[in-house]
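S.K.: If you want the building blocks of each chain, they are given just below.
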Amino acid sequence: MAQVKEYIGKVKPDWCPGCGDFGVLNALQRALADLDIAPHNVQVVSGIGCSSNLPGFLNAYGFHGLHGRSLPVATGAKLGNHSLTVIATGGDGDGYGIGVGHFVHTCRRNIDMTYIVMDNQIYGLTTGQASPTTEKDVRTKSTPEGTIEIALSPIALALSCGATYVARGFSGENLHLAQLMKGAIEHKGFALVDVFSPCVTYNKHNTYPWFRERVYKLEDERHDPSDFRLAMEKAFEWGARIPIGLFYKVNRPTYEDEEPALRSGIPLAKLPLQRNDLASFMEDFI
Amino acid sequence: MSANQQAMPSNSSQANIDYVFRVGGEGGEGVISTGEMLTVALARAGFEIYTFRTYPAEIKGGHANYQVRAAGKLLLSYGAAVDVLLAFNEEAYQKHIKDVHPGGVVIYDADSFTPPADNARIYYGVPLTSLATEKIGVKLTKNIVALGVCSQLFEIPQETFQELLREKFTRKGETVVQKNLQALQVGIEYVKGIDKRDPVRLGPGPRKTRELVLSGNESLSLGAIAVGCRFYAGYPITPASDIMEFLAKELPKLGGFVVQTEDEIAALGTVLGASFAGKKAMTATSGPGFSLMTEMIGLAVVAELPAVIINVQRVGPSTGMPTKTEQGDLYLACYGGHGNCPRIVMALTSVEDCFYGIMRAFNIAEQFQMPVVVLSDASLGHRKATVPVPDLSRVPVLERRTPAGQELVNYGRYRFTPDHVSPMSIPGMDGGGYVAEGLEHDEHGYPAASNHENHLRSTKKRYGKFQAVEAIANDLTRTYGEPHPAIGVIGWGSTEGVIREAVQMAIEKGYSVGALHPKILYPQPLAKLTEFMKGTKAIIMPEVNYSGQFATLLRKRFAYDFVQLNKCVGLPFTPKEIFDKIEEVANNVRAGRGVHATSV
Chain Z
1 MAQVKEYIGK
11 VKPDWCPGCG
21 DFGVLNALQR
31 ALADLDIAPH
41 NVQVVSGIGC
51 SSNLPGFLNA
61 YGFHGLHGRS
71 LPVATGAKLG
81 NHSLTVIATG
91 GDGDGYGIGV
101 GHFVHTCRRN
111 IDMTYIVMDN
121 QIYGLTTGQA
131 SPTTEKDVRT
141 KSTPEGTIEI
151 ALSPIALALS
161 CGATYVARGF
171 SGENLHLAQL
181 MKGAIEHKGF
191 ALVDVFSPCV
201 TYNKHNTYPW
211 FRERVYKLED
221 ERHDPSDFRL
231 AMEKAFEWGA
241 RIPIGLFYKV
251 NRPTYEDEEP
261 ALRSGIPLAK
271 LPLQRNDLAS
281 FMEDFI
Chain E
1 MSANQQAMPS
11 NSSQANIDYV
21 FRVGGEGGEG
31 VISTGEMLTV
41 ALARAGFEIY
51 TFRTYPAEIK
61 GGHANYQVRA
71 AGKLLLSYGA
81 AVDVLLAFNE
91 EAYQKHIKDV
101 HPGGVVIYDA
111 DSFTPPADNA
121 RIYYGVPLTS
131 LATEKIGVKL
141 TKNIVALGVC
151 SQLFEIPQET
161 FQELLREKFT
171 RKGETVVQKN
181 LQALQVGIEY
191 VKGIDKRDPV
201 RLGPGPRKTR
211 ELVLSGNESL
221 SLGAIAVGCR
231 FYAGYPITPA
241 SDIMEFLAKE
251 LPKLGGFVVQ
261 TEDEIAALGT
271 VLGASFAGKK
281 AMTATSGPGF
291 SLMTEMIGLA
301 VVAELPAVII
311 NVQRVGPSTG
321 MPTKTEQGDL
331 YLACYGGHGN
341 CPRIVMALTS
351 VEDCFYGIMR
361 AFNIAEQFQM
371 PVVVLSDASL
381 GHRKATVPVP
391 DLSRVPVLER
401 RTPAGQELVN
411 YGRYRFTPDH
421 VSPMSIPGMD
431 GGGYVAEGLE
441 HDEHGYPAAS
451 NHENHLRSTK
461 KRYGKFQAVE
471 AIANDLTRTY
481 GEPHPAIGVI
491 GWGSTEGVIR
501 EAVQMAIEKG
511 YSVGALHPKI
521 LYPQPLAKLT
531 EFMKGTKAII
541 MPEVNYSGQF
551 ATLLRKRFAY
561 DFVQLNKCVG
571 LPFTPKEIFD
581 KIEEVANNVR
591 AGRGVHATSV
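Taken in sequence, the protein lines are chains Z and E. Every letter in the first sequence is one number past the one before it in my numbering, and letter 22, counting from 1, is 22. Every letter in the second sequence is one number past the one before it in my numbering, and letter 217, counting from 1, is 217.
By construction, these hints were calculated from the structure, which means they are not laboratory data. Note that the structure is predicted; figures quoted are calculated from it, not measured. Glycine is no exception: its CB is placed at the ideal position from the N, C-alpha and C atoms. Heads up, some of the hints might be wrong.
[As the list claims (entries may be wrong)] Computed beta-carbon distance windows for the label pairs:
hint, chain 1, residue 1, chain 2, residue 2, range
1, E, 597, Z, 146, 57 to 65 Å
2, Z, 280, E, 60, 54 to 62 Å
3, E, 399, Z, 6, 46 to 54 Å
4, E, 596, Z, 283, 45 to 53 Å
5, E, 13, Z, 280, 34 to 42 Å
6, E, 596, Z, 280, 51 to 59 Å
7, Z, 280, E, 457, 44 to 52 Å
8, Z, 219, E, 340, 51 to 59 Å
9, Z, 35, E, 406, 50 to 58 Å
10, Z, 278, E, 159, 41 to 49 Å
11, Z, 278, E, 90, 34 to 42 Å
12, E, 406, Z, 233, 56 to 64 Å
13, E, 56, Z, 252, 54 to 62 Å
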């Protein structure tokens with residue numbers, strides 16, 4: 001088994017002390033080490049935001065792209081070489097706000113990748129505006145009188161769009177989170193791991209203690225992750241008790257399974273160029 | 001003799017053949033497919049072809065027309081006057097009769113309308129609809145009846161049409177094939193009994209070898225395949241969708257495939273992801289989609305990722321005129337996006353150039369690790385032409401520089417190098433790990449958002465690649481006519497053929513004219529431009545746009561008062577329009593008068 005330290009990058013995280021994202025990074029490194037996936041066989045793609053800085057802190061191939069656009073890039077990276085492990089990371093603004101269109105369609109496509117969203121219910125990098133998962137009536141810099149919109153449910157959205165592994169973790173439950181990530185990476189298909197990752201600087205509402213009082217593990221209550229309707233019901237449980245754990249898991253052929261060109265198993269990036277084929281091929285156009 | 005024939009120098013009678021056919025009727029009733037079949041039949045019969053089509057923005061209904069010019073020699077434009085008009089309804093007749101030259105032929109559906117008396121042209125009324133319904137029992141076969149009429153009347157080899165009908169309808173079963181063959185025969189028999197009063201006769205053409213018949217969009221798709229593109233991501237948009245459709249059908253035969261994404265941002269994002277993973281990839285779109293892609297172009301520039309982005313331009317701004325042509329996206333192609341953002345912009349000049357041009361675009365993208373924007377337009381993308389079977393040895397296939405050996409020790413993805421290109425590792429390569437970074441970064445790809453000196457150095461690195469690209473741009477610049485003319489013409493993109501024809505016309509009339517046509521527009525081929533401009537008295541810049549976008553770019557580099565000739569009606573130039581401007585400018589220069597811009 002590989003050591004966690006093999007996955008530690010050369011750049012030191014620039015997150016605020018106490019940021020939930022440290023726990024997410026640790027859990028991911030632990031999951032990769034446990035699964036013994038060589039760092040050079042991992043592609044980690046992110047968008048923009050505090051949490052999207054993660055690829056730089058990990059020893060692997062990384063892609064730190066545009067705000068909201070991690071999933072298209074990750075899709076291309078996976079289809080370009082589907083023998084590699086692809087992980088997309090980002091925050092709630094990145095994935096559920098500006099990038100929500102890509103999220104919807106990547107779920108539908110069921111590309112074999114893991115999407116880790118560090119959900120802190122706030123825009124942290126831009127210093128504290130409301131995000132798509134900010135709870136109603138919460139005051140932020142952009143909503144001094146409280147948010148008017150209701151919060152989006154990432155779990156329900158992923159379920160309805162066809163994600164095949166839908167989980168939620170909590171940065172304060174590191175071993176549990178690493179288990180969810182391991183399951184997600186091992187799962188063949190599009191896996192969402194939404195993580196409560198508190199912003200200690202700009203979200204004074206959804207704090208570590210706030211979560212500790214409320215979260216409970218679905219496994220502890222013998223939740224059946226093959227039951228779609230139950231998963232949907234649990235997705236909307238919010239208030240005194242908030243579930244974390246694996247909501248839903250189903251096996252459906254992935255995009256790569258269904259794409260005839262990839263069935264041979266040879267990644268596109270390794271496909272040799274056969275120029276002779278082309279001559280006869282062109283005869284079709286005479 | 002037709003108006004088009006007069007412009008062509010003659011060698012032999014077959015080589016001298018030059019006719020323009022135009023088919024017009026209700027959109028959705030087979031006008032386009034009739035035109036396409038006529039096109040392929042003429043190409044297989046041994047003629048060079050050049051088509052032009054306009055079709056309505058509506059899916060069904062509205063007026064559609066398809067024009068085929070067929071000649072014994074290489075064609076550079078869609079021609080001037082129409083020799084044969086095939087009008088399926090009165091609207092087609094009314095729209096196009098003014099383009100049919102005196103002595104030209106009109107074939108019309110006599111069941112649909114009766115044209116007014118006209119002594120200048122030769123009319124054949126054929127009851128196409130009733131022949132189709134009564135003799136075949138299928139109204140839509142009137143198109144095939146009409147092809148039979150053309151075959152017999154103008155001596156286009158029947159067997160060619162028969163062969164085509166078999167190919168086209170075999171999948172639908174023998175009954176359908178037979179019905180269509182019968183319809184062709186009905187048309188042939190009908191005109192056998194009438195008195196031929198026109199001189200249009202084709203017979204077998206002078207070319208004995210077979211050539212490809214391709215649209216610009218098909219040609220560039222084939223070129224992409226030839227250079228090793230096996231991955232395409234795109235979003236449907238007129239007039240670029242047929243590139244995606246073509247590749248979706250053809251790529252799987254070679255192990256590749258197409259992904260249809262949720263929007264154009266995702267399309268280019270997916271392409272960049274695949275390129276990062278080590279695979280050549282491209283996307284194609286038109287103006288509205290290209291606008292969306294600009295943020296991804298910036299990312300490709302700063303992360304130094306090879307990518308090919310095709311923009312088949314249509315009329316803008318906004319939704320504009322989706323099925324009409326324009327050269328209006330050059331500013332956006334060169335400058336779209338924020339920051340100092342060097343990318344390469346190329347323009348395709350002909351259907352044949354689409355094939356080799358796209359190969360070069362991939363080579364340049366891979367060689368310099370930059371996005372290459374390739375501009376085509378609706379008129380080029382959708383017109384068909386005969387193209388010699390491509391010679392794959394003409395353009396080598398180049399791959400990106402990857403690190404090896406010592407380069408992988410303390411590997412720096414964005415290492416500063418003398419030629420500004422750094423070895424690019426591919427995921428899976430041990431020791432090559434790095435972050436493709438959209439933030440300003442240092443040689444290792446580590447974020448350097450507060451390192452002021454590094455930003456300048458990195459910007460210089462990215463722009464530094466232009467030096468070598470400019471040399472390629474000079475090599476890829478073509479000139480026509482006189483090398484040191486009094487009157488110069490500079491064009492770009494799909495206007496190459498018409499400009500060449502206009503220059504030929506002007507030279508034959510004794511004017512001192514030459515044209516220059518670069519294939520790379522950004523960075524510009526300064527050496528070639530400087531040499532060409534030396535000694536000219538005036539330079540005309542024809543562009544299918546309103547503001548003269550290339551002229552504006554060149555004014556930034558040269559203190560020269562370019563004479564703009566702009567056409568902004570959604571249609572390409574005719575050679576005559578450019579010739580008239582050359583004549584006007586040449587005469588004004590000769591008389592010592594001023595020269596000025598005009599719009600067509």
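S.K.: If a hint holds in the structure, say so; if it doesn't, say that too.
M.R.: Status of each hint after checking the structure:
1. The hinted range of 57 to 65 Å is satisfied by residue 597 (chain E) and residue 146 (chain Z), whose Cβ atoms lie roughly 59 Å apart.
2. About 37 Å separates the C-beta atoms of residue 280 (chain Z) and residue 60 (chain E), a value inconsistent with the hinted range of 54 to 62 Å.
3. Taking 46 to 54 Å as the suggested C-beta distance range, the pair residue 399 (chain E) and residue 6 (chain Z) does not conform, at roughly 31 Å.
4. Between residue 596 (chain E) and residue 283 (chain Z) the beta carbons are some 52 Å apart, a value that agrees with the proposed interval 45 to 53 Å.
5. Between residue 13 (chain E) and residue 280 (chain Z) the CB atoms are about 36 Å apart, so this pair conforms to the stated range of 34 to 42 Å.
6. Between residue 596 (chain E) and residue 280 (chain Z) the Cβ separation comes to about 55 Å, which falls inside the hinted range of 51 to 59 Å.
7. Our hint of 44 to 52 Å for residue 280 (chain Z) and residue 457 (chain E) holds, since their Cβ atoms are close to 50 Å apart.
8. Against the hinted window of 51 to 59 Å, the Cβ-Cβ separation of residue 219 (chain Z) and residue 340 (chain E) comes to about 53 Å, which satisfies the hint.
9. Taking the beta carbon of each, residue 35 (chain Z) and residue 406 (chain E) are about 32 Å apart, not inside 50 to 58 Å as hinted.
10. Restraint check, residue 278 (chain Z) to residue 159 (chain E): a C-beta distance of roughly 29 Å breaks the suggested window 41 to 49 Å.
11. Distance hint check: the CB atoms of residue 278 (chain Z) and residue 90 (chain E) are about 47 Å apart, inconsistent with the given range 34 to 42 Å.
12. Between residue 406 (chain E) and residue 233 (chain Z) the beta carbon distance is about 59 Å. The supplied range of 56 to 64 Å therefore holds.
13. About 42 Å separates the C-beta atoms of residue 56 (chain E) and residue 252 (chain Z), a value inconsistent with the hinted range of 54 to 62 Å.
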